[in-house]
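Peer 1: One-letter residues, chain by chain:
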Amino acid sequence: MASTTATIRAPTAAEALLLRPPRSLWSNAWYKLRHDRLTMIAFGVLLVLGLLAAAADIFAQAVFNYTFEKQDLLHTYEKPTLEPLAYLLGSDEIGRSQVVRLLYGGRVSLSVGFVAALVNLTVGVAIGLTAGYFRGRIDDLFTWFVTTLNSIPTIFLLLIFAAIWEPGPVTLTVVIGLLFWTGISLYVRGQTFALREREFVVAARTIGARDTRIMFKHILPNILPLIIVLAAIDIGAIILVESALSYLGLGILPPTPSWGNLLTNATSYFIRAWWLVVAPGAMIFLTVLCLYLIGDGLRDALDPRLKAEK
Amino acid sequence: MRNFILRRLLYAIPTLIGISIITFVIVRLSPGDPIRFFVFGQRDITGEDIERLRHAYGLDKPLPLQYVDWLLAMVQLNFGQSFIYHQDAFQLLLGRVPATLQLAVVALGLQLLIGVPLGVIAALKRGTWGDGVIRVFGVAGHAVPAFWLGLVLIIIFAVQLRWLPSQGMLSVGKDVWDIPDRLRHILLPAFVLSLTGIANYSRILRTETLDVLGQDFVRTAHAKGLHERTVVFVHALRNALIPVVTALGGILAGLVGGALVVEQVFSWPGVGQFTFQAAIAKDYPIVQAATMFVSALLVISYLLRDIAYAIVDPRIKAG
Chain A
1 MASTTATIRA PTAAEALLLR PPRSLWSNAW YKLRHDRLTM IAFGVLLVLG
51 LLAAAADIFA QAVFNYTFEK QDLLHTYEKP TLEPLAYLLG SDEIGRSQVV
101 RLLYGGRVSL SVGFVAALVN LTVGVAIGLT AGYFRGRIDD LFTWFVTTLN
151 SIPTIFLLLI FAAIWEPGPV TLTVVIGLLF WTGISLYVRG QTFALREREF
201 VVAARTIGAR DTRIMFKHIL PNILPLIIVL AAIDIGAIIL VESALSYLGL
251 GILPPTPSWG NLLTNATSYF IRAWWLVVAP GAMIFLTVLC LYLIGDGLRD
301 ALDPRLKAEK
Chain B
1001 MRNFILRRLL YAIPTLIGIS IITFVIVRLS PGDPIRFFVF GQRDITGEDI
1051 ERLRHAYGLD KPLPLQYVDW LLAMVQLNFG QSFIYHQDAF QLLLGRVPAT
1101 LQLAVVALGL QLLIGVPLGV IAALKRGTWG DGVIRVFGVA GHAVPAFWLG
1151 LVLIIIFAVQ LRWLPSQGML SVGKDVWDIP DRLRHILLPA FVLSLTGIAN
1201 YSRILRTETL DVLGQDFVRT AHAKGLHERT VVFVHALRNA LIPVVTALGG
1251 ILAGLVGGAL VVEQVFSWPG VGQFTFQAAI AKDYPIVQAA TMFVSALLVI
1301 SYLLRDIAYA IVDPRIKAG
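Chains as they are written, first to last, in the numbering used here: chain A, 1 to 310; chain B, 1001 to 1319.
Pulled out of the complex, with its shape left as it was, chain B reads as follows:
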């Protein structure tokens, strides 16, 4: 097991290097001169000053050397100063992490709490109209544009019914620890963010439960005269839940990517909204910090998924 984890950790290194190259290149090859952005609006700058700045920031070196410089700084979490806020880009980004984390955790919880039971119910009631509804939902949940669903839910619940707030994390003037108010704010965005995952899990669990229910050990359990409930929940479900672990990697990627759009719709002050605003404003240090941060998070979650999978299913280690 230890060897497996070590090997898997080693595999993550080239991936991270690849991500850093892409992050570096996509920004550095952008049209326009970063120094010009930096000194924009300062009138008494001469061409000589610009050359000096370019030298000071190492922008006169060949591109591969610039990359190495950038990489070495990045490893120490130094992404440079934000062009707009003139503060450390990574620190600014970290300030936005809790908001996204809350959203993602609640969404993940909804996915598991709704998606898994839906899939199991569909499998147990195979062929009934309930199964049909859940299956249609399993496809439809993937096909809905998240931002549009968010807009429609805002129209229904915030504009028409006035039950829930449409924007932000907290009502103005409320205490930070006002949990009911926070819950009311998080409900809509978290639901929208969780929809693809709910659809995903309901599909996976349906197929998986049907598969497991057809296997010999389930028939044996039935033959022993065990109660239906025991067979389903103790014998079948434990095995059907393995793919929940495997799917987690893709689900997390979906959450991170989806958060970018959902945060925009609901004005949720998280990493996604921050990255979006930075990209629009061409604030490259923040864009690079955010891309590296989010991708590193994904690499780690893929890593944890593989380890968890190896624990749940010991056959994996051999392969």
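Chain A extracted, bound-state conformation:
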């Protein structure tokens, strides 16, 4: 009976190697990401921006003691100052607090970016997967449609749509989402094209798996890394387009603040208050830069071909 304790011993080095949890694509990627300082900083900054925007109400009340539509005609074009804190980034032409409006603007701009990206990822992946998997007529139709859509500058389409239909924020977000999927779908289609010929797909088909099962259970997981990378870049691109449209006075309309429409009247601030021009654009720049850096970092982390280099 005493011998039971004797059978438990420390594993040898070779056994320890077998006992450690297996390294999957995702754990590998996470390991690489954690050591990629630039990407982690970008993640951090984006997280802070997201939290600031999400908690805009709390900040506006507790810290700045100012609402985003509150006006003060005695304090227009105030320079950035700590006293009062609400004018941390100055005040605009009717005495509204720039910093509070930036917080709320961030909420709008970020949600438009994320929601629209979600829409066009869904559409782009579904369409790209279908076209790449079934090929033939469906793919011809797909190619024609994507080529057509790609030949019209998206900003033209958006501008015309926005000018004619004067959509609200939700409609606009959905429309942006429905216009930007072509790039994603082309990538997904290309990958699907290559993957559908691979042995594991043939094997799945031989045991009688249905098309939808092969598409979503076998092919989709293999292009998921690519989709994640595209998503990060996509959100950035959408935020840029929304801001340009809002700047032109056609996107998110005042009084709802967005980073773009804070600059609509910028030409009248040029001489009096340059800080009112610099801040909103800097926020857009910072956000999009973070998203693009994250995209780059994710690409490096998730692309198995790059593993050999390091």
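Check before you lean on any hint, since a few could be wrong.
Stated by the list, open to error - Incomplete in silico selection of chain B near chain A, CB under 7 Å:
#	residue
1	Gly1018
2	Gly1257
3	Val1261
4	Ala1279
Worth flagging that the hints you see were computed from the coordinates, not collected in a lab.
We put the beta carbon where it would ideally sit given N, CA and C, even for glycine.
Use these hints to put chain B onto chain A, whose structure you have.
Peer 2: Same frame as chain A, now just chain B:
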């Protein structure tokens, strides 16, 4: 080669038809009655007159027939009269083309002159701080909102330093051929417009040059004892430049789309600004003419890109 070009030309036709359908539909499905816009402000119009006008303009026909009518007129470059200017929409648009063309050509030149060397330098100096700066710039150039950069540059160079003008193509009262004055006007907008392309080219060229420098024929060239400069400029660069041709299509699309915003910031009297004003005023003939024109331009440039690519890289024809 001739077959390739012919086939590629044929492919462009369904694309153009697709574009025309979208252009037609997006405007025709708009809320509001075009006839009401047309007669707006004329008090002595009766309901009967409106019906007659509707018939005269073919607006009482079913939508597909209206599309065919519109298409047939459009093929003859007849987009109808502008609602606002009461002149031929296409002619008005053509008047704005030279301004945009100047802007786009200068921007494209800047992209090639700055972007390509940046990418090559980054690749040759791989791992140094210079490479790092260029790489950061390659990402940052994409992330900058163009309109904001334009505004900031105006504040710096026009408002604060007073070195460059902020608006328009020409100072008031100057001669049309005053080239230095024109150059001063075009500098800021062209730079803003070119930024994405510069970033793009610097990224592409860096990757491509690194790729080419690692290939066997470069090692052979080195082994033959050729001068470093000869290897880079004669052997490597020629191959690394192929993607410059491929990227041109996307770059041109970026220029056309970007011009719309940049022209607005700098009050540049080009196609983009014109389209913007027309869209705001719901001047549909101009909006349709502009969309078709710009898209056709893109289709042609994609076509030329593919042909150029086939010339540079003969393997493409087979595929």
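Peer 1: It remains to establish, for every hint, whether it holds in the given structure.
Peer 2: Against the structure, the hints:
1. Gly1018: 3 Å, holds
2. Gly1257: 4 Å, holds
3. Val1261: 5 Å, holds
4. Ala1279: It holds, given that the least Cβ distance between alanine 1279/B and chain A is near 4 Å, below 7 Å.
Violation of the numbered hints given earlier is absent; every hint is satisfied by the structure.
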